[in-house]
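Residue numbers (our numbering), protein chains in the order written: chain A, 1 to 332; chain B, 333 to 746.
Do not take every clue at face value.
Claimed, not checked - Coverage of chain B stretches by chain A, computed from C-beta distances (three or more under 8 Å per stretch; other residues unrestricted): (1) 467-481; (2) 582-592; (3) 642-653.
Keep in mind the hints are simulated off the structure, nothing from the lab.
Yeah, the Cβ is synthetic: ideal placement off N, Cα and C, and Gly gets one too.
Each chain, letter by letter, is given below.
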Amino acid sequence: MRADAFLLVGLFLGLVTVPFLPGVLVHKKRLDTTPLLIENENSKTGRYFGVQFRAHLRSLPNEEDLTREIRISANDPARALILAGEIHAAPGTRLNDAYVRGSVLLDRAVVAKRIAADGNVVLEEGCKIIEWVDTENELLAKNGSHLGRAASAAKRLTLNEGCTFIKLWGMPVWAQRDVQLKPTLREPITRSELSDSVFWAIDTTSMRRGRAKLALPSGIRVQRDLVVQGDLETSPDCLINGTIKCHGVLTLGEGTVVKGDVIARKGVSLAAGVRIRGHIFAEGDISVGPNCQVGTRAKYKTVYSVGRITLAPGATVYGLLIAEKGGAAVAK
Amino acid sequence: MVVTLQVWLALVLVVMAIYAVRQYVLTARRFRGHQRPYYQDLIDGDLPGVTIVIPMHNEELVATGILNLMVNIDYPKDRLEVIPVDDHSDDSTAEILQEYARNHDFIKPIWRRQGLRGKPAALNDALLATSNEVILVFDADYRPSRDIVRQLAMAFKDPEVGGVMGRVVPRNVGTNLLTRLLDLERSGGYQVDQQARYSLNLFPQYGGTVGGFRRSVALSWGGFDPKVLAEDTDLTFRLYARGWKVAYANGAECYEQVPETWDGRFRQLRRWARGHTQVLIRHWFQVIRSPHLGPAQKLDALLLLGIYSVPPILLSGIIANFLLFLAGSHPLGTTLAISFFGIAFSGFGNFASFYQVGAAAVLDGTRERILLLPFLSLMFLYNNIAVTTGVLDALIDLVKGRTPAWDKTQRVAT
Numbered sequence: 001m002r003a004d005a006f007l008l009v010g011l012f013l014g015l016v017t018v019p020f021l022p023g024v025l026v027h028k029k030r031l032d033t034t035p036l037l038i039e040n041e042n043s044k045t046g047r048y049f050g051v052q053f054r055a056h057l058r059s060l061p062n063e064e065d066l067t068r069e070i071r072i073s074a075n076d077p078a079r080a081l082i083l084a085g086e087i088h089a090a091p092g093t094r095l096n097d098a099y100v101r102g103s104v105l106l107d108r109a110v111v112a113k114r115i116a117a118d119g120n121v122v123l124e125e126g127c128k129i130i131e132w133v134d135t136e137n138e139l140l141a142k143n144g145s146h147l148g149r150a151a152s153a154a155k156r157l158t159l160n161e162g163c164t165f166i167k168l169w170g171m172p173v174w175a176q177r178d179v180q181l182k183p184t185l186r187e188p189i190t191r192s193e194l195s196d197s198v199f200w201a202i203d204t205t206s207m208r209r210g211r212a213k214l215a216l217p218s219g220i221r222v223q224r225d226l227v228v229q230g231d232l233e234t235s236p237d238c239l240i241n242g243t244i245k246c247h248g249v250l251t252l253g254e255g256t257v258v259k260g261d262v263i264a265r266k267g268v269s270l271a272a273g274v275r276i277r278g279h280i281f282a283e284g285d286i287s288v289g290p291n292c293q294v295g296t297r298a299k300y301k302t303v304y305s306v307g308r309i310t311l312a313p314g315a316t317v318y319g320l321l322i323a324e325k326g327g328a329a330v331a332k
Numbered sequence: 333m334v335v336t337l338q339v340w341l342a343l344v345l346v347v348m349a350i351y352a353v354r355q356y357v358l359t360a361r362r363f364r365g366h367q368r369p370y371y372q373d374l375i376d377g378d379l380p381g382v383t384i385v386i387p388m389h390n391e392e393l394v395a396t397g398i399l400n401l402m403v404n405i406d407y408p409k410d411r412l413e414v415i416p417v418d419d420h421s422d423d424s425t426a427e428i429l430q431e432y433a434r435n436h437d438f439i440k441p442i443w444r445r446q447g448l449r450g451k452p453a454a455l456n457d458a459l460l461a462t463s464n465e466v467i468l469v470f471d472a473d474y475r476p477s478r479d480i481v482r483q484l485a486m487a488f489k490d491p492e493v494g495g496v497m498g499r500v501v502p503r504n505v506g507t508n509l510l511t512r513l514l515d516l517e518r519s520g521g522y523q524v525d526q527q528a529r530y531s532l533n534l535f536p537q538y539g540g541t542v543g544g545f546r547r548s549v550a551l552s553w554g555g556f557d558p559k560v561l562a563e564d565t566d567l568t569f570r571l572y573a574r575g576w577k578v579a580y581a582n583g584a585e586c587y588e589q590v591p592e593t594w595d596g597r598f599r600q601l602r603r604w605a606r607g608h609t610q611v612l613i614r615h616w617f618q619v620i621r622s623p624h625l626g627p628a629q630k631l632d633a634l635l636l637l638g639i640y641s642v643p644p645i646l647l648s649g650i651i652a653n654f655l656l657f658l659a660g661s662h663p664l665g666t667t668l669a670i671s672f673f674g675i676a677f678s679g680f681g682n683f684a685s686f687y688q689v690g691a692a693a694v695l696d697g698t699r700e701r702i703l704l705l706p707f708l709s710l711m712f713l714y715n716n717i718a719v720t721t722g723v724l725d726a727l728i729d730l731v732k733g734r735t736p737a738w739d740k741t742q743r744v745a746t
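With the hints as constraints, model all of the structure from the sequences given.
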């Protein structure tokens, strides 16, 4: 009886101890003791890949040692290129990594992995970037190009119809059918254009609790931040002097001007000619209508969507676009 | 009497069950559901003015470290103001601050030599010394990353956000078993618990450091109460009571130094429990009555308020169970079973805490450290003693009307 009791107690203690044994070994051998990695040095920039890539290339050979010009055919794939001059890839070519101090022309259906250029970059129809493309100058992506994980240009980044993307940076990013056209943006609505008959000041505190759809009539002016628990729809030519926070679907009517940011828990739809001085942050899809403008040349901003972003012709964004589920330049 | 004890025991079991369900729900949500995005991807050509407050009391061992990082922080210096508050230090903290202030215009120290010592009082002085709307707070032993100011400040683009909280990551993980266990505990608390509460639109908490708030809002109720030990929890509940929200930035990570001695850990936890209980007493009724909170938020807020009360409640249940045995109401087997269940529940941190910590270890991509999980049961038992002591402190404060003194966590040289 006494032996049984000892056996039971011993068994119990043994079973209690077993789960601790792997931990004892881990602790004694000092396994996995480093702190979780925090990227202490990295700062968020719209041209992250290009900046990092150039940082790795600081030990480039002298200018005179670099290849002046190269032409690549479909049967002659290159692994990594560093060029002082320009690159012109023939239709159907596959490129890996390229750093080009001149300009880049990728002909139709070229597939490239990573490209960093100091000059202009032109992607002809149907080109595909697998990782990223970055330029110190302008970038033009023609119809049906895919811009990989990120595309960035220190100057203008133009997207033709059917181009798809995830992350874009440009000053500005411009969706346009005809690249010869200059952006024709409407001037911001000034106070004098708003007649007294449509001047309404809204007490936004009363709106915090409203859950129904709120529709703002044409020409209304809101003096401060606007927080709406449900959906919000503005008629044409409204002016919001603060930030809009919308817990439902947000639809901004033609010519509406928002001087603050736009934050929506669902989707955001901008009609033609909407101007937003601040960011757009949406947990749903974002549709940017024709000739809309986000940000200004002096103050770049971000358009961020957990879903998709579509850009209509003439849509202009100064700064960064991120579409977690992909974005596209559309016909209208 | 027996009936009262039986009812109490039943209530204790219900409380335990509610907390267990809470932890399961949060863990499941973190693993499977949609994760609400934070604003860290917003980059801005027109950043807001930000003031960083660093309360310091005898911080000579760590002051240089954080001030060097402040100098290198990636934020326009014309939009940034750093206010280290020397709070009654009697070591060389003041000299260190003077040197940095001489060399950097944006570092503007405050010297406090009068009034109550403690973080709330230090924050109040800093609020009066600045005009920036966005206030961020770091403890002196913290090691913020270069981009963290922008990440945290972006939350205030949302007009509903009154406070923001980043993620704290221990950096002295490998020092001893305690630091390793605290590393696991922190992972569960931030990576899973806070993120899930943010995603579910519940009640993420401002944690007093690696976070921030709107200056005008804090001043609207007269700033921080110097008599409150948990000024962070107090701020959280004041914000929500007025219709503001707290955003959680899981990607805004910052290294901290966790206590390396069991005594240090005990005193830290005791202070937290004492302060948290003060806040519970102040705010529970406001939470119930608040017109700004929905039913789910109220429930989460009450569970958060009550979280440090669980160990003493559990202890009272075990005592009730024992008294019922003495009264002949419960047979020995039932008594032992309930007691064992209570102690096991207590030791395994509401059971489901293990799921939170385990889930966090998986999400963080850690390797062998997850095998230390069973040791957490020992730490949770230890925690329960510290927490119970802290709760009793708070109750005695309430009865005697005494003001608690600030008990600073000891630093180690880096």
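Structure-based check of all given hints:
no., hint, verdict
1, 467-481, "holds (count 4)"
2, 582-592, "holds (count 3)"
3, 642-653, "violated (count 0)"
In the structure shown, a violation is registered for the earlier hint numbered 3 alone.
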